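Asker: With these hints in hand, go ahead and build the complete structure from the sequences.
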Amino acid sequence: MVARTSFETRPCPIARSLDEVGEWWSILLLRDAFQGLTRFDQFQKSLDIAPNILTRRLNSLVERGLFEKRAYCERPLRHEYVLTAKARDFRPVLLTLLAWGNRHLAPEGPSLVVVDTADGRWADPVLVDRETGRELDSGGFTLATGPKASDRMRQRYRFSSGGSGLPLVGNSGQEEAKNR
Numbered sequence: 085m086v087a088r089t090s091f092e093t094r095p096c097p098i099a100r101s102l103d104e105v106g107e108w109w110s111i112l113l114l115r116d117a118f119q120g121l122t123r124f125d126q127f128q129k130s131l132d133i134a135p136n137i138l139t140r141r142l143n144s145l146v147e148r149g150l151f152e153k154r155a156y157c158e159r160p161l162r163h164e165y166v167l168t169a170k171a172r173d174f175r176p177v178l179l180t181l182l183a184w185g186n187r188h189l190a191p192e193g194p195s196l197v198v199v200d201t202a203d204g205r206w207a208d209p210v211l212v213d214r215e216t217g218r219e220l221d222s223g224g225f226t227l228a229t230g231p232k233a234s235d236r237m238r239q240r241y242r243f244s245s246g247g248s249g250l251p252l253v254g255n256s257g258q259e260e261a262k263n264r
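Just add 84 to the spot in the sequence shown (first one is 1) and you have this note's numbering.
What the hints contain is simulated information worked out from the structure, not anything from laboratory work.
Please read these numbers as outputs of a predicted model, since none were measured by experiment.
Be a bit skeptical, because a hint or two may be false.
Unchecked claim - Derived DEER-like restraints, expressed as beta-carbon distance ranges:
1) Pro194 - Asp221: 27 to 37 Å
2) Asn136 - Gly217: 26 to 36 Å
3) Cys96 - Gly217: 33 to 43 Å
4) Pro231 - Arg154: 14 to 24 Å
5) Gly193 - Lys232: 39 to 49 Å
6) Pro231 - Leu189: 10 to 20 Å
7) Asp125 - Asp235: 46 to 56 Å
8) Glu152 - Asp203: 11 to 21 Å
9) Glu92 - Asp203: 34 to 44 Å
10) Val212 - Ile111: 14 to 24 Å
11) Pro194 - Ile98: 39 to 49 Å
12) Pro194 - Met237: 28 to 38 Å
13) Leu182 - Thr93: 27 to 37 Å
Here a beta-carbon is modelled for each residue, glycine too, at the ideal position from N, C-alpha and C.
Answerer: Spelled out as structure tokens, the structure:
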């Protein structure tokens, strides 16, 4: 078996995020937890996952701070797995992934949708800029290096077709970025 590459120390936040939650069982466990599942047997039934794999994935999510493990029964000792604030911050990513999958991988139509609980209407998740409310995939946004970017990352984004190499406006590292 080939050892899994770790992106934990890479400077790219996308690589680090994939290292944190990129294993598919982890993402499916988070999906189920957002739907209210908390117990080992619930996850196992929902995912039809081998117990040893489920144990490893749950332990990994606890170690990474995405689940909190809490005892709900003393005899026999049983635990539930509760979403942390860090995991709840992942929900928009999960909903956007769902929308992308419905758009590109479900020619027969969506099997799972986001629904507004107030009126039952389907929602179409999109990512928007918190400040302006503009959709991030509207074409007016690009990747730029931040104040803690390595020289290698600055070089890569300076000459990439998608990256502007520009400093972030309003960023505390803006002066540093100007002096590149």
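Asker: Hint by hint, note whether the structure agrees.
Answerer: Each hint tested on the structure:
| no. | hint | in the structure |
| --- | --- | --- |
| 1 | Pro194 - Asp221: 27 to 37 Å | violated (19 Å) |
| 2 | Asn136 - Gly217: 26 to 36 Å | violated (46 Å) |
| 3 | Cys96 - Gly217: 33 to 43 Å | violated (27 Å) |
| 4 | Pro231 - Arg154: 14 to 24 Å | violated (38 Å) |
| 5 | Gly193 - Lys232: 39 to 49 Å | holds (44 Å) |
| 6 | Pro231 - Leu189: 10 to 20 Å | violated (37 Å) |
| 7 | Asp125 - Asp235: 46 to 56 Å | holds (50 Å) |
| 8 | Glu152 - Asp203: 11 to 21 Å | violated (33 Å) |
| 9 | Glu92 - Asp203: 34 to 44 Å | holds (43 Å) |
| 10 | Val212 - Ile111: 14 to 24 Å | holds (22 Å) |
| 11 | Pro194 - Ile98: 39 to 49 Å | violated (26 Å) |
| 12 | Pro194 - Met237: 28 to 38 Å | holds (37 Å) |
| 13 | Leu182 - Thr93: 27 to 37 Å | holds (30 Å) |
Hints 1, 2, 3, 4, 6, 8, 11, counting from the list given before, are not met by this structure.
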